[in-house]
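Chemist: Bring the two chains, given one by one in their own frames, into a single complex with the hints.
As you go down the protein sequences, you meet chains A and B in turn. Start counting the first sequence at 0; every next residue gets the next number (numbering that gives the first Met the number 0). Start counting the second sequence at 0; every next residue gets the next number (numbering that gives the first Met the number 0).
Simulated from the structure, these hints should not be mistaken for laboratory data. Bear in mind the structure is a predicted one, so any value in this text is a computation, not a measurement. Careful, some of the hints might be misleading.
Below, simulated DMTMM-like cross-link-like pairs (lysine to aspartate or glutamate); rule was C-alpha separation at most 20 Å, straight line [claimed, not checked]:
| # | chain 1 | residue 1 | chain 2 | residue 2 |
| --- | --- | --- | --- | --- |
| 1 | B | Lys145 | A | Glu374 |
| 2 | B | Lys87 | A | Asp27 |
| 3 | B | Lys51 | A | Glu424 |
| 4 | B | Lys145 | A | Asp27 |
| 5 | A | Lys66 | B | Asp58 |
| 6 | A | Lys69 | B | Asp224 |
| 7 | B | Lys145 | A | Glu253 |
| 8 | B | Lys87 | A | Asp266 |
| 9 | A | Lys66 | B | Asp127 |
| 10 | B | Lys118 | A | Glu64 |
| 11 | A | Lys69 | B | Glu115 |
| 12 | B | Lys50 | A | Glu385 |
| 13 | B | Lys118 | A | Asp55 |
| 14 | A | Lys261 | B | Asp127 |
| 15 | A | Lys359 | A | Asp55 |
| 16 | B | Lys145 | A | Glu257 |
| 17 | B | Lys51 | A | Glu374 |
| 18 | B | Lys26 | A | Glu382 |
A few chain B positions that, by computed beta-carbon distances, are all more than 10 Å from chain A [as the list claims (entries may be wrong)]:
| # | residue |
| --- | --- |
| 19 | Gly49 |
| 20 | Glu64 |
| 21 | Gly75 |
| 22 | Ser98 |
| 23 | Arg104 |
| 24 | Glu134 |
| 25 | Gly167 |
| 26 | Ser200 |
| 27 | Ile248 |
Between beta-carbon pairs, the in silico distance windows are [stated by the list, open to error]:
| # | chain 1 | residue 1 | chain 2 | residue 2 | range |
| --- | --- | --- | --- | --- | --- |
| 28 | A | Ala338 | B | Gln241 | 53 to 61 Å |
| 29 | B | Trp239 | A | Ala347 | 55 to 63 Å |
| 30 | B | Thr129 | A | Asp469 | 21 to 29 Å |
| 31 | A | Leu488 | B | Thr129 | 34 to 42 Å |
| 32 | B | Asp48 | A | Asp464 | 51 to 59 Å |
All C-beta atoms, glycine included, are put in the ideal place defined by N, C-alpha and C.
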Amino acid sequence: MCEAAPGIIDLLDRMGVMFNRTPEGLLDYRRFGGTLYHRTAFAGATTGQQLLYALDEQVRRHESEGKVRKYEGFTFLSAVLDDGGVCRGICAMDLRTMEVRTFAADAVIFCTGGIGAIFGRSTNSVVCTGSAQSALFQQGVDYANGEFIQVHPTAIPGEDKLRLMSESARGEGGRVWVPKKAGDTRPAKSIPENERFYFLEEWYPKYGNLVPRDIATRAIHRIVYQERLGLSGQAAVYLDVTHLPRETLDRKLEGILEIYEKFLGVDPREEPMKVFPAMHYTMGGMWVNAEDQATSVPGIYAAGECEYQYHGANRLGANSLVSCIFGGGVAGQAAARHAKNLEKGANAVESSVFDRERQKQEALNQALISQDGNENIMAIWRELGETMTEHVTVTRINKNLETAYSKLLELDQRFRKVNLSDRSEWSNQTLNFARELGNMLVLARVVTIGAHARNESRGAHYKPDFPERDDANWLKTTRAKWINGEIQLNYEAVDISQITPRPRRYDAAK
Amino acid sequence: MKQQVIVKVKRQVSPQGSPYWEEFVLKWRPAMNVIICLRDIAENPVTRDGKKTTPVSYDSNCLEEVCGSCAMLVNGKARMACSALVDKLEQPIRLEPMSKFPVIRDLAVDRQFMFESLKRVKAWIPIDGTYDLGEGPRMAPETQEKAYPLSRCISCGNCLEVCPQVTGTERGDFVGAAIISQVRLFNMHPTGAMHASERISALMEPGGVQDCANAQNCVKACPKDIPLTESIAEVNRQAWKQAMLGWLIG
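The following block holds chain B by itself, in its conformation from the complex (with noise of 0.2 Å):
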């Protein structure tokens, strides 16, 4: 029985294209994972009832969970393909690309909008330049504690394809929780909280903050631990508070 590793793959030749399923037989090894089961696949791309056919593309970087690219559904669950170990998973191990991005050709998807959203909340520290201005502002250590479990988001989108609101890719629909957490960080650091209103009035636009249904789907699928719901809560309230005092002023 562990001779054998059974992997269906939903492929797709373009963005036009429709999808389709293949099957593939692989050899089993011991600390097998996905990706080694793609590229036991591109050495020898034959299904499992003897039809040749093309490597399946998918992206993958650091293999370790830094760059967030290897993102797909195995067995319908948003995550990594890199840390996804075979030994763990049931099979016939199903591999499809996530369902929320445009799809590019079979596992790859066009992860854009999300850097299209951290453009839009701003999601940086503006500093001076680059030339040699002296030291940072002083951080308590607490803070730094709280601020360094935001600061490991790899972008990979997992919590954006669990999310029952995220429905499209197109600007004014709901950003994700990944977004909102960084607004969260960069708020945090004494410079970048010199321009929270900005991050926050970006959140307050179509498809911010106020989208958020509370499914809280997002923490569980987040490879990285990062308490995106906390994230998300208190985000809220600075949006709030921002909406409140500008009523107040008026």
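Just chain A, same shape as in the assembly (with noise of 0.2 Å):
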């Protein structure tokens, strides 16, 4: 992937990503969390998004020139496997007409993105439910290293949604501090440079406001619930760029200030920004081979977020990026080797296959729809977040994994007796979404008890009674089963052949 990744960007700059520029009219670098040399092209700080567009405007391409058919509005319910368990294409739901249907392929690929509805407010799009490889996984996918979620340093705290403040606020100079003196109420402006705890640059000299966001994210906490130096009491600090020229500020940043301006009604350019961690990245994901992004059921593949394999325990800025792009690649060609390469095509495979898979799917939307009951989604969905933010995000006591988990089963328990406030048979969202929980319930399994089992502190999970990496017993790959209807946990070794793996210093003096 690292190798790869300079001609992906250059790809993406032909494709038209409007990056930024240095005067001689070359691609301009910025530096990210955990790095300290300038590496990260971007464009403006919505890079992510004008990547997606990119992107979707060469697929648009293809779709006029006849290369591509759309299915836009469908979800994905479950894989179609056959008696040998190897898939031979996918059962979808309509979402408008909800008609429920299969579609026959040699091949499939899943490029499904992060869980952070799981944990309810998170940094991710309201789609990112994690539904599609929970569905797989209960169909047999095997799902690695769950227990390893990212949290986001800074994001700006909502009831709906945590909007990321991106870290390129940070790679330009922002710096992240609290008054030294606790509940100082005074307006941030009016507290003298003497009088401000810049604690990340203190804590990590060599880093500064660029340590990886375990490390910030974590500094964070401790200020706010050990130290107690909160803003006004409250869980926050500032991300302050107000020092920073306001002609670079507008040139490289305004995407994200304008997002906190427009959502808080305070100018980021005037007022240092209030900031919290956010769940924000799923480095676990279906676990696929590092040939070609197969997972372990014969015929799919998986590209992203959605799948384990570049991001280890935690990743660092922009990667993402750069592996969905990559993995998507590896997976396109291999997915066209694996059907051409098939002796009998999905064409070839008994229509019962698939009718039982939809009929299948069809009884579950009926119970569903027709269920009385006294329990409601999104009560259900609130409490779920609730739990899985407070026990499985920055700190994780087993104790209360243990707690988690007894809850998980409890609304697991509950959901079957949901009552869709929504019956009817045309465009219901209500269904969708008790489809998604359905699945997000499992998935938040998984998730809690590869937390539980992992007994040491490595990147974004973090024990504090096993604070330390402990590489002789946990340099390897969780790998989660589903096998009749219990998750059990396998172990694989790392490939370290390449690096040998050493500690992680940031506090060292410049």
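Modeler: Pasting the structure below:
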């Protein structure tokens, strides 16, 4: 991936992504967390959005040339597996007509993103529920490293979602601080320099504000929960860009500053932003092999955040963008090869294989829609999010993980008694979300049980009772399997033939 | 007074259904937006007069003005529901689907017209392939700074909603400012410029740039502050140039 990355950036540049430029007209680069060098190409502060749109435009181009057919407005329900356990297509639901239908396919590639919704509020989009991954897991696709969940240090708190304040704010010189005096209620700007605590710069002089995300996140938690130095006693710290020239802010960070201004009504060029950590990235995901992104079920491939392979226990800034494009490229070619080499294509599979899967999914929908119960899916979802955020994010304590796990089992029971407040057969979003929620409850257990088992601290996974990284026992990948409705954890070795692991040090002097 | 939020939603069970209004009373909390209101309704779908109803259908995804999917009319104004903060809205808050696009259900509409238009004007850079062909063309920082704001369009459709010239969603109806601005963007790119005339030709067909009547509503409705009227003027100029050249060369 690292070797392919420069070529990927060139490709995106050729596709017309408006990357920032140097005076010579070359790509400009900036720093991100955990790096000491300017190595990240960027398009203002909306790089991910720009890449997404550029790729979307290329798909539209292929579509207009008749090379691609999109089925927008469908949601995935399950894979169609034949008696030999080989994937022969998928079963999906039209979100308008609510019709369930199957699609025959020689190979299927999943690019279904992260699992933020399991934590209720996160920086992820609404569709990032992990429902597809979970459905596949329950059909035999192994799920790896579920416990590795990245919490981004700087997000704007909100009740519907936690909006990301990109690391680029710190990459361009933004500083994180709190007043030295607890409960200081003076306006930020009137607090003199020597009464401010720039805790990241003080604790980690070499990397300063650009320590990796897990370190910054825990430092902010320590400031708020142990040192009790949160702003006005609340769970927030300042992210300050007011000292940077306005021209730089407008040229390089406008996209994110505008979001802050829009959602909080305060101009971050004038007032320091108030931020707090939020669930951000799913390092774990469907297990895939290192050669060609194939999952444990023949014919199923995965790429992007929904698979586990590139980011270990913690992800560095901007790497998600390169890994999803690289993985997608590998998976595409592998899927084509797989289809070509099949002895018998999906079209030659008996129709009963497809019919039985469709009928199974239709029956599930029918049961949900017609059952009478007293539980509301939004309420169950809220409790799921609260439980996961409280116990399974930044700090993990086995006793609490056990509490969380029993809560998940309880929610699973209550889910069986949901009463959908919408029973219509046209564009029923309630039914769709109920299906997703059922899957989220299973995946939440995979995350929690994996975290409980891993008695060490590694990357984003932190247990105060086991504060050290334990390579002797835990330098391995968690691989969860679904066996007869139970989650079973297995472990496999990590390939360290290229680089020998060494301790992570961010506190050394400059 | 601040303890409750009153929301009126214009509902419609299907594309063929007739619209009707329902009113809800929600508990006020700090930093509420329209999305939170709709979620509160979903958790307890009971109208103000105690009638049980269904959760409101609406589209949303990123909740931070990147995906463009939660565009709707909030108190009569086309805007993104996610950034519509309750404390800044007059109550009762009236929520309606956008009127220029076919309603699917309640507040969810079909915006396919825009994506079809983007295909018509070839809103992309026609690269030779995805293999590694080396670096892209160099670009002056000045060009990038001009193009970047245009590249932030999220296809929300607000500029179409407010445009008096957008009357339908069939081929031949006015494509709207967003599409014209995308043509300007791709014509600015060194590779995209090689195919500028194709895009301009598409915008010289019925429903193209000449249909703009200069109401200038688009630029005020754009959540991304894209200089849409500038784009229309520029593309208009390109179209005139192309037409004149065609006429001269015959």
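Chemist: The structure should be examined with respect to each hint, and the outcome stated for every one.
Modeler: Results for each hint:
no.	hint	result
1	Lys145/B with Glu374/A	violated, 53 Å
2	Lys87/B with Asp27/A	violated, 39 Å
3	Lys51/B with Glu424/A	holds, 18 Å
4	Lys145/B with Asp27/A	holds, 16 Å
5	Lys66/A with Asp58/B	violated, 28 Å
6	Lys69/A with Asp224/B	violated, 30 Å
7	Lys145/B with Glu253/A	holds, 14 Å
8	Lys87/B with Asp266/A	holds, 16 Å
9	Lys66/A with Asp127/B	holds, 15 Å
10	Lys118/B with Glu64/A	holds, 10 Å
11	Lys69/A with Glu115/B	holds, 13 Å
12	Lys50/B with Glu385/A	violated, 30 Å
13	Lys118/B with Asp55/A	holds, 11 Å
14	Lys261/A with Asp127/B	violated, 40 Å
15	Lys359/A with Asp55/A	violated, 33 Å
16	Lys145/B with Glu257/A	holds, 18 Å
17	Lys51/B with Glu374/A	holds, 15 Å
18	Lys26/B with Glu382/A	holds, 19 Å
19	Gly49	holds, 15 Å
20	Glu64	violated, 7 Å
21	Gly75	holds, 20 Å
22	Ser98	holds, 18 Å
23	Arg104	violated, 4 Å
24	Glu134	violated, 5 Å
25	Gly167	holds, 21 Å
26	Ser200	holds, 15 Å
27	Ile248	holds, 28 Å
28	Ala338/A with Gln241/B: 53 to 61 Å	violated, 44 Å
29	Trp239/B with Ala347/A: 55 to 63 Å	holds, 58 Å
30	Thr129/B with Asp469/A: 21 to 29 Å	violated, 42 Å
31	Leu488/A with Thr129/B: 34 to 42 Å	holds, 38 Å
32	Asp48/B with Asp464/A: 51 to 59 Å	holds, 55 Å
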